Amino acid sequence: MFGEPIARLEDDRLLRGNGAYLDDLGHDALAAAFVRSPHAHARVLGIDVAGALDVDGLVAIYTYEDLPGRLAEPLPLLIPHPALTHGRTGYPLASDEVNYVGEPVVMVIAEDRYLAEDAAERIMVDYEPLPAVVGVDAARAAVHLVHPDVPGNVAGHLVQSNGDAAAAIAAAPRTLDLDLYIERSASTPLEGRGVLARWDTESRRLRIWASTQTSTGVRAAVAAKLELALADVDVITPDVGGGFGVKIVHPWPEEVLVPWAARLLGRPVKFTEDRIEHFVASAHERGQRHQVRVGFDDDGRVLGLDVRFWHDNGAYIPYGLIVPIITSTQLLGPYKPGAYRVEFSSLYTNTAIVTPYRGAGRPQGAFVMERTMDAIAAALGLDRTVVRERNFIRPQEMPYDHGLIFQDGRPLIYDSGDYPAALAKLKAMVGWDGFEAERAAARDHGRRLGIGLACYVEGTGVGPYEGAHVVVETSGKVKVATGLTTQGQGHQTVFAQIVADELGVPIGDIEVVTGDTRAFGYAVGTFASRAAVMSGSAVALAARAARAKAIRVAAAALEASPDDLEISGGIVQIKGDPESGIAIGTVAVLSNPLRYAFDEAAQAATQFAGGDIGKPPVADGDEPGIEGREFFSPLRSTFASGMHAVVVETDRLTAEIRIVRYCVVHDCGTLINPRIVEGQIHGGVAQGVAGALYERMAYDETGQLQNASFMDFLMPYVSEVPAGIEIDHLETPSPLNPLGIKGAGEAGVIPGAAVFAAAIEDAEGIPITSMPISPSDLFELRSSHRGDRAV
Amino acid sequence: MASASDQSGMTQSSPGLFDISLIVNGALQTVRVPARRLLSDCLRHDLLLTGTHVGCEHGVCGACTVLVDGVAVRSCLMLAVTADGARITTVEGLAEPDGSLSAVQQAFADCHGLQCGFCTPGFLITITAGLAENPDPSLDEAREIIGGSLCRCTGYQNIVKAVLRAAELKRLAEQ
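Protein sequence lines, in the order shown, are assigned to chains A and B.
The first sequence begins at 1 in my numbering and counts up by one.
The second sequence begins at 792 in my numbering and counts up by one.
Please note that the accuracy of each hint is not assured.
The calculated label-pair distances, taken between Cβ atoms and stated as ranges, are [claimed, not checked]:
#	chain 1	residue 1	chain 2	residue 2	range
1	A	GLU731	B	ASP927	55 to 61 angstroms
2	B	ALA923	A	GLY266	31 to 37 angstroms
3	A	PRO775	B	GLU932	22 to 28 angstroms
4	B	PRO888	A	SER561	51 to 57 angstroms
5	B	SER891	A	TYR522	38 to 44 angstroms
6	B	ALA923	A	ALA437	54 to 60 angstroms
7	B	ARG962	A	ASP563	51 to 57 angstroms
8	A	THR89	B	ALA923	51 to 57 angstroms
9	B	GLU932	A	THR89	35 to 41 angstroms
10	A	ASP728	B	ALA923	26 to 32 angstroms
11	A	GLN396	B	ASP927	39 to 45 angstroms
12	B	ASP889	A	GLU566	37 to 43 angstroms
13	B	GLU924	A	LEU176	28 to 34 angstroms
14	A	GLY569	B	GLU924	55 to 61 angstroms
No lab work stands behind these hints, which were simulated from the structure alone.
If you're wondering where the values come from, they're calculated on a predicted model, not measured in any experiment.
Backbone N, C-alpha and C define an ideal beta-carbon position, used for all residues, glycine too.
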């Protein structure tokens, strides 16, 4: 089954409307609603709940003053780093200051959401507005501070280098400077955040359902905040309506407050985020300004590269410096500059927090590096692919050590990849060498075409580990559990494909559970394109262990050598002899010595049914059952890569930007299911188009988000995405895991801003240095460029 | 308690609450709702038909689309009381009487037309209505049919294929 584009096993349920997303659960639950700050920056002077007290159906109102113990402390700083010198996180409910519009101030619990909102709107909060810091430039200027005890608004500052970039640039025959900017966007899953909690008053245990990318993370965080034993908290991730990064953040204020209230009230409580809340009170990403200084030779080889950038991390920084660290390391892409220095500052602003959104700092990095490559090509009058080719790391240089530290705290060492081969594929697919003729032909018809390409390398499958459990039931059904969560990636299908091959059972007999701490309690989460690499590998190892056990038990029963046995179609048999076999479910029965028979088959395993009376029923070091439980913990991340090319047409009058062709070459190592990988690429490309041409977070200078709705935030419909996305795969297997896999989830979005900037620049002959770009932006650019030239 | 009845026959059973009747997926349902109850919430939380999803509550994403008297309607923009007496089809009512998937549902499975599945019910309903109107859409018309619904996972590529595949399956079934 491995490598086959089979249809997904999860679809039937979802197509019938039988999915179970967070708000589909807990019909008996009370509803939580939140009074949120209308100010980007203010002191909270007082809260008057009197007007809400007579609202029908009101159950409880909580403010900061009600929070006990550790719940009254700031939320955790999830990923500390030595360079994060001024890490600040918010409280579950604001104490005396609010730092972004949407920050929760009061929690209201009522019989349903309508009534909870009735009460919430009657609660009066008295604020003293403070000056808001909005945007990278205001944060850098630091005329006002977000947090009074954080000088310069700087949360963290990091420098990394490999070689002496300043000297290399000084000595280089040619140099260029670029100022490159990318605005904010956001994950924007169709389902927002949500949490449901039940406190079982009899067993005194907490059960939580969360729309999250990490059930084990939520479990640990809530247990710590509520001072409960981990063993007394279950977290179940139901169907999740998309994540794209935003749901890896945990615990959200609501994720600790709702379980706390459920326990306090002894009744289930649910919070379902609405769309406006998701816009203002979840998380965004991408806002960065970059300054590049590059030195190169007359052939276009980069001798020295110096990048400084400023990252807008929003009001708080619970997820640490991960995004800018990824930009600072992954911007190198497939290239090997002679020397490299990067320096960034992560800055507070009075806006929604910034945490990874699909791509996680890489789209900015690719934008910076690819714009630089294009600028070098333009400066030298060279073909853009030639400059790239001359700077590529060669396949024979793998593993390639960049001399930097990656986001996982480990050396940035590429494990594998073949960038020249990928470029050759892309050039052939898009017809790069024949494009000038195409452009000329279009020009003759009054059409203006441009072509761009962009490359990226993506560290995927970051550690520390994932694990999996495979158990063969006596029915012959196989239950597979892994701890990380699923948000539409088709894990039930791809993990079942792996188990079907490793264990030799029909795929229809395999059931996969993800993201349920009751089924598997050790896990990290689904982010960084890591699920297939990490859990896929763990599942393979666990299935291999179960297979070895099944073979061993069957060998004893068949009085055969384990080496002579195979498992095929769920039957353990002498190789090539189906008649000899016993069903794997029967082997499971035999593996578990019984005192009590529960059915006819089980009678074969009872203590009077035979066996060697000279040995214990369960041998030393053995255990009952056909099971495997294994963990996968790789030395380092594995590095996927790819290249995109786009042909655009820009309207001469309206500056409308139309996508003519979109081509992708993608290398995620061995493919488990090409259909699912292509689906991931499609979705990524659409988000790349979104970030390049449409989506931005339009904060005004007071920190009000002006486009906090689907009417105003231009998430692409089908009319905005390419009518076809041409895809070619390159498979360079990773040597770092048993299946040769590299991650595929984020790749499609990474080169989006870079590739569109390149194509529009090519069409227009105007430098494109800021993304996204709308028709209005392009129209303005044309005007100002004409003005520049006239001067 | 006194009850008032309006022209539609809907009764106001107690202040602010109305008894309404809906024929949902062929079955008569009566439910008591406040005047402000959205049809989407009534379907999901009163009738426990949670296949209809709510993605924006301002009528832009299309996830909550249901058929009301055969017409695709955004159930987050309609009050339950205004649907009194209507025939409503939700995603739970799309499968054939024998339990097999409808052509549109089957096409989504065949074409990998869904990932997280959250927007899917709205697309299924929208396409069902679209193909009833235009059983043989061109590629452009297929894109037009789904042009008002948002999906964040698929980039729409395989949803467009599913529209064309569903039309094909329907034609094959009719032959």
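Hints, verified against the model:
no. : hint                                    : verdict
1   : A:GLU731 - B:ASP927: 55 to 61 angstroms : violated, 39 angstroms
2   : B:ALA923 - A:GLY266: 31 to 37 angstroms : violated, 50 angstroms
3   : A:PRO775 - B:GLU932: 22 to 28 angstroms : holds, 26 angstroms
4   : B:PRO888 - A:SER561: 51 to 57 angstroms : holds, 55 angstroms
5   : B:SER891 - A:TYR522: 38 to 44 angstroms : holds, 41 angstroms
6   : B:ALA923 - A:ALA437: 54 to 60 angstroms : violated, 46 angstroms
7   : B:ARG962 - A:ASP563: 51 to 57 angstroms : holds, 55 angstroms
8   : A:THR89 - B:ALA923: 51 to 57 angstroms  : holds, 52 angstroms
9   : B:GLU932 - A:THR89: 35 to 41 angstroms  : violated, 51 angstroms
10  : A:ASP728 - B:ALA923: 26 to 32 angstroms : violated, 38 angstroms
11  : A:GLN396 - B:ASP927: 39 to 45 angstroms : violated, 54 angstroms
12  : B:ASP889 - A:GLU566: 37 to 43 angstroms : holds, 39 angstroms
13  : B:GLU924 - A:LEU176: 28 to 34 angstroms : violated, 56 angstroms
14  : A:GLY569 - B:GLU924: 55 to 61 angstroms : violated, 47 angstroms
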